[in-house]
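With the hints as a guide, dock the two chains, each given alone in a separate frame, to form the complex.
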Amino acid sequence: MSDTAQDGPMLAADGTTLKQSLARSLRREKMRALLLIAPLLIFIFLSFVVPIVSMLFRSIENSILQDTLPETVVALENWDDQSGELPDEEVYAAFVRDMLVAVDAKTHTRLGTRLNYEETGMSSMFRRSGRQISRLDPVEDAPFKDKLIDIHDGWGDVNTWAVIKTHAVPYTNGYFLNAVDMQRTPEGAQAQPESKQILVKLFGRTLYMSLVITGFCILLGYPIAFLLANLPMRSANLLMILVLLPFWTSLLVRTSAWKVMLQQQGVINDTLVWLGLVDDAARLIIINNQIGTIVAMTHILLPFMILPMYSVMQTIPPTYVRAAKSLGATNWTAFWRVYFPQSIPGIGAGSILVFILAIGYYITPEIVGGTQGVFISNRIAYHISSSLNWGLAAALGTILLGAVLILYWAYDRIVGIDNVKLGG
Amino acid sequence: MTDTAVDEAFVQFDRVQKSYDGEILVVKDLNLSMPKGEFLTMLGPSGSGKTTCLMMLAGFETATHGEILLDGQPINNIPPHKRGIGMVFQNYALFPHMTVAENLAFPLEVRKMGKSERDQKVKRALDMVQMGDFGGRRPAQLSGGQQQRIALARALVFEPELVLMDEPLGALDKQLREHMQFEITRLAHDLGITTVYVTHDQTEALTMSDRVAVFEDGRIQQLAPPDELYEEPANSFVAQFIGENNTLLGEIVEVGTDSCVVKLDSGELIDALPVNVSNVGDRTKVSIRPERVEFNKDRLNPNAHTIKAEVKEFIYMGDIFRFRLSVAGNDDFIVKTRNAPDAVKLTPGETIEIGWLPQDCRALDA
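The listed protein sequences derive, respectively, from chains A and B.
Under full-length UniProt numbering, the letters of the first sequence match residues 1 to 424, in that order.
Under full-length UniProt numbering, the letters of the second sequence match residues 1 to 366, in that order.
This is chain B alone, in the form it adopts within the complex (with noise of 0.2 Å):
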């Protein structure tokens, strides 16, 4: 789907700063390019700066500093209604005063089209989200999911090659949010559109992007696709933010290029791969996902790393069961096992040894 090496960036941001008091810095040099096509989601907690930067390229609010780059034009001083980019709001924002037919018919009408070509338009829209026959409807007697799709409809239906969406899922339902989750991508895809979204959700960032961008304090702390956003995130941060993750606080002994050796502050050794620490000395957080740790004695590697582990909780959730470990003074050590016949069932108060595989286990900045 995505090909990054292709042409140039399509929507690039290229060192852009925004203050909004003139003292503190919302985004810190954003640097940034998406190529044509490309689904990109902007994932941080509240106040990360993502939607700053979102409103930034939608032009509702003005860079401080740098530049913002659409297919290669510099957008800073175009306006909004000139820069025709479709954009989905968090709350929907439909005009309530106008029927369904009416929000949808809007952007065309100020595109000055003509009436026919407009009714043939609105009805492919409202065709592809699959609300053909609301278009008589108001806005309020749609339900959340209902306005969504007609949000979704509106932001495309004047054909835009880069359509903006701000959280829009937010006020829905687990089950409705995953569906549309589905929808969205789908759409996106099919059209051949670039998107960026905003969510602070990590499940649908990693379900729907082609690219995840994790922001943190002004800045992207890590721009990458899912699958290696979540098996190799770059700092701790990132680990901590995407996915579930056990963390072991220690202190590098010895580093080598592909492999270093953690004490961990229980006074143990482990084997880590050093991501981003460089010095002997330095503190590290060292990151293991919970299902790469085994503790079925009859599945574990030869090369596993082994250590004591206390079983504290156990925690049913149907699908898996969940075990809360004390693993070298870490009373949260989470391990999971898929429900299956033949899993193995930890009982609170018993000590077993754990293990994982050296390259799962991650030493990153403290």
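In isolation and in its complexed conformation, chain A is listed as follows (with noise of 0.2 Å):
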């Protein structure tokens, strides 16, 4: 880099290359554009990447096993779940060992909970055998087979011994072989019994109802979205009072009033039954079942829907529809081959909004949505506040998490992010 070298990287005044030379003039424009974000950055990394990350890692994280029982563990290594025998005394010391210890600090319950998502019963079990076994001397009561089968059942039965070695892994895959209806067995992933088969037909539930109201959500968005850009300015701003309103009334009031819509004493089915179109006796059933589910959730989310596609249509002038007419294009051609097309990408940004907003939804199904209209996010909710089965809820979360990224890719790849425009 001498400064008679002709082809050299390009020299600034005072010999350094240009471009080192500019990287530092740059540098505290840059650290003061950081400075000023940093604030926003910190906040949401700790409020929202940080909380996110680590329930996504519950979803694999299973150390508890290993910490409650550490000495077991190890003894159950050397044990053949396969065999059909109960393992030897030695495990059985062990375990008395590392429960002694568990029942001071009083995390068997807690393990107990942990093993009840595999094998019901569990909780119960490890809760009413720790307050005998922390009467057990780990030296003199020896040996304790027997005396822990006495002390309950479970101690005796292969399948207990099993089910703890097999979830005896730091990091498992088994909330998430729940989370698509299969377990994590001795034997490897297993079909889990039909009757708890539920979550599968959830994530397809939700998918397909998603789906549903984004297609309401166009097919009642799309009108309105083309009012409000072609109507006079004094009758569009009306109409986009009338769009916004339902955002200043809160959720839970809108729908609590579909609920006071529809059902079955409610006021279409009166009304219904008034003008003479449906017998008293046989009232629609349009809530607490997925019909209700859909007429709400289009309802909340059209807003999201029409906005994106009322700024797209805005940015069309009126003269490529005028040109389509003035070279013999009928009104419904003009629109179809002129207009529509240019509106597509509005159409695709509603689209996102409203289904990654759906897919997710959890109070307006909840309410409305009884047992048939339930979505996975309500069964998230279940798991995270009622079984207190998190890693389970992380696994789904993680699942819903992943469909969404890979929807958006195929939207990517089929439609084009470029085609995604909010506005402007």
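Treat the hints as calculated values from the structure; they're not laboratory data.
Warning: the hint list may mix true and false statements.
To be verified - Residues from chain B that face chain A, not an exhaustive set, calculated with beta carbons under 7 Å: (1) Ala58; (2) Pro80; (3) Met87; (4) Pro107.
Small disclaimer: the values here were computed from a predicted structure and weren't measured.
Using N, Cα and C, we set each Cβ at its ideal position, and we do this for glycine too.
Printed below as a string of structure tokens:
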């Protein structure tokens, strides 16, 4: 990089390369820009990225067995769970030693709860056994095998030990298997019993209903957005207020209003009966099922479809349609061949928005969905707040996130994300 | 080219009025008739009603009163797509989601024309505007001038008898605009299309048209061929609007059939041609074109009316010299001379004598 080199890098006046010199002069600006957005970045990181990552991590994290029963886990390694025989005394002794520590620290109930996800009854077994094991002495009371079986029949069941051994891994795919109606068994991944299979169906229903809702939003939203973009200013403003009005009303109020409208003694049924269109004895069931969820969610998500559509349509100059007509196109042809293709980016943006919102919707299906109209998110909420199986909830959430990302990717491949415009 | 006497009018506006709000007339009593093959320009400042007239002809606006006839048929109730009128828009309005060829094929497609015939016509239209190789491009990949050509080709591809153009060259730079002006007139005449062209650029109107309709305040102020419009403006608006013009204010003191005497506000008496003044005592604006004023003593016509002038400013413009003079109280009196070897160069401050022929000096309404 000598000064005489003709074809070397460009040099600044002080002899350093132009690139370095430019980078130095820009560095200060970049630092200042970074400092300006730093509070927001930190906030997003702490309140958004960290919780999500930790939640996702819970879907595979499974150190509780090894932490609570360290000796038992080691001892169980020598036992063949396929043999059909109970583990030997060594395992029982190790288990008692582990349990004494665990009962002291009161962690055995948590372990029970964890294992209860896999095998019903484990929770009460650990809770009840814990009390009695704590009275045993790890040295004098040996051997323990028969004593434990006395305390609870479960300790004499090969399956109990098989479950403990199967799940004694620090990172498990068990939650994900559960999330798709399978389970981790000593024989590998297997389908859940028929009676417990619900989640795959729920995933399917969530996707299907979100698509239906998105479709209805397109059908209902397109004409409104078209009117908004093409009416004279004054009428368009009024219409815009009507579109935005729902935003100013609480989501709960709107959803509850649908309950009033749709229930069997509700406004719609009463009106239909009064008009004689529906027999009083055969009132329509349009709530607490899929219809209820679809109707209410279409209404609630409609503005998210209309607004992107509107902002795209607003940018389509009226001269295009005029030009088409002057070239001989009828009103319909001018719309379909010229206007509609140019409004597709708006439909794309609205659809993505509505679909992604719908797929994770919770409150509305919870209130108007009954059992037939609930989404996977309601199941996630159940596992978060009622069953406290956070691992499964995290796995379900991860799958949902993955599904959305895959759909987004597919959408990008098919429609092209450049074709999505939120405005301008 | 144009023979205004030939058969009856191809396009006719008959007492057309237009109001948008029911209070103000944007177009007041418009009467206009165009023979086939004519290139007519509607010229006027913005808001003068020229674009409204074009839109009524195209069918995008309906006349509030009066009748518009196309080839003898009233078209007031015919929707735009059935009128078969080609149109070029100000921003070209090329469909951005279609290629150039698809844009051109569109009017043929909606007319249910077969594919091979369509391709052939599209190709011919593209060749006509020298854009033969651009069929596969999107409008966004073309320059302004190229888009303009495509828009023109698209308006002509379905062979309409009437083509409307709404300030089609407004977005182009000067050189390209001049080139396109020439192209458009050439095409229009070669194809024998009747053309209505709207512009606010008077040079464009003068160079392109067979006849120019000067719009102002919702009325046609003058409808005449370019030379007549420039040399014999019918009123002071047209005189001011078309070309450069020197105005002197005064009062009629004597009026005859082909001459009148005007007493200028500065007290001088001059001879002028009465155009739309009739009574003694009327206020008048006397209009003289800068190039008709002579200030070279050697070339002054013996019949010329002379007057004293003070030189205020010299403006060098390359091919011509411009001088700003003070004449009879008007400080913006412009005269011009060609930059020739023997050109007289005036110096500011100098007092000279200038002169013009009485017939070049037109007494118009005030």
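Okay, the hints, checked on the actual structure:
Hint on Ala58 of chain B holds. Least Cβ distance to chain A is approximately 6 Å, under the 7 Å limit. With a cut of 7 Å, the hint placing Pro80 of chain B at the interface with chain A holds, because the nearest CB-to-CB distance is about 4 Å. Restraint check, Met87 of chain B versus chain A: the minimum CB separation of about 4 Å is within 7 Å; hint holds. Checking Pro107 of chain B against chain A by beta carbon gives a least distance of about 4 Å; that is within 7 Å, so the hint holds.
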